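Taking the hints into account, I'd like the entire structure generated from these sequences.
Quick note: numbering that gives the first Met the number 0 has the sequence shown finishing at residue 226, numbered continuously throughout.
If you are wondering where the hints come from, they were derived from the structure by calculation, not from laboratory data.
Careful, some of the hints might be misleading.
With a straight-line cut-off of 25 angstroms between C-alpha atoms, the simulated DSS-like cross-links for lysine-lysine are [unchecked claim]: (1) Lys-144 - Lys-128; (2) Lys-69 - Lys-46; (3) Lys-144 - Lys-168; (4) Lys-32 - Lys-94.
None of the values given here were measured: they were computed from a predicted structure.
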Amino acid sequence: MKGVIEYLAELSPELGEKLLKSVWNDEINLQLKLGGEDKVISTRLLKTDHKNQFALSGKAFSLNHLATFKIEIRNDIYFFKTEVFQENRKNVIQKPFQIFRLVRRKERRFEIPAAWSQQTLILASEQMKLNTRANILEISQSGIKIHALSDLLRFEKEGLIKIQFRLHKRSEMTASGIIRHVRRNKDGGFTLGIEFVKNSTLTETKIQSICEDLFFHYTHTRRFSHK
0 MKGVIEYLAE
10 LSPELGEKLL
20 KSVWNDEINL
30 QLKLGGEDKV
40 ISTRLLKTDH
50 KNQFALSGKA
60 FSLNHLATFK
70 IEIRNDIYFF
80 KTEVFQENRK
90 NVIQKPFQIF
100 RLVRRKERRF
110 EIPAAWSQQT
120 LILASEQMKL
130 NTRANILEIS
140 QSGIKIHALS
150 DLLRFEKEGL
160 IKIQFRLHKR
170 SEMTASGIIR
180 HVRRNKDGGF
190 TLGIEFVKNS
200 TLTETKIQSI
210 CEDLFFHYTH
220 TRRFSHK
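Spelled out as structure tokens, the structure:
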């Protein structure tokens with residue numbers, strides 16, 4: 000399963016100022032792309048006579064441009080977008096502008112609460128049509144772990160699989176995937192780790208809604224348990 004998701008988190012104005020000061024003091028290179036162009040330009044921030052302005056090193060552009068900037072400091076990556084204009088034959092940017100940090104984190108897997116109702120069937124495995132009962136153990140936006148209740152079937156790692164399920168208050172859906180993990184259980188059946196693949200946008204949206212339901216459930220469970 001994918002295991003890692005990425006998103007952009009906006010820095011507070013104070014942290015943004017500290018970042019820009021560090022970039023300027025340490026002469027850290029920035030990469031920029033002008034709107035509508037693929038070319039990457041390397042530049043550095045230079046002080047000007049104006050408090051809220053930075054000049055950019057390098058040759059001045061002939062026109063004003065909206066540009067996207069990328070800053071890499073060790074393992075951290077930041078982005079901001081602002082207009083580049085010309086002043087005294089230099090490229091200049093002017094604050095304020097929003098700075099975003101690229102956040103990478105492990106994708107959260109949610110265990111299914113015992114009190115939640117569910118109906119799960121394995122419809123097909125490779126070219127075999129099935130109608131085998133199962134239980135969902137965990138789910139994330141990229142995959143699902145299920146307990147297949149039959150001892151008579153054989154599941155192959157990297158094999159294709161199709162499952163149909165209804166969980167809690169959500170409508171029934173059918174999802175396709177690849178079996179990434181197979182384990183025969185001592186108490187019967189198999190545990191299957193499945194990565195979702197080749198599903199429609201509607202199915203992906205339904206899976207995301209289930210994950211949001213579970214996030215809300217566990218967030219409020221912790222909140223009320225501490226009261």
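Violated constraints from the hint list, given by number and in increasing order: The structure breaks none of the hints.
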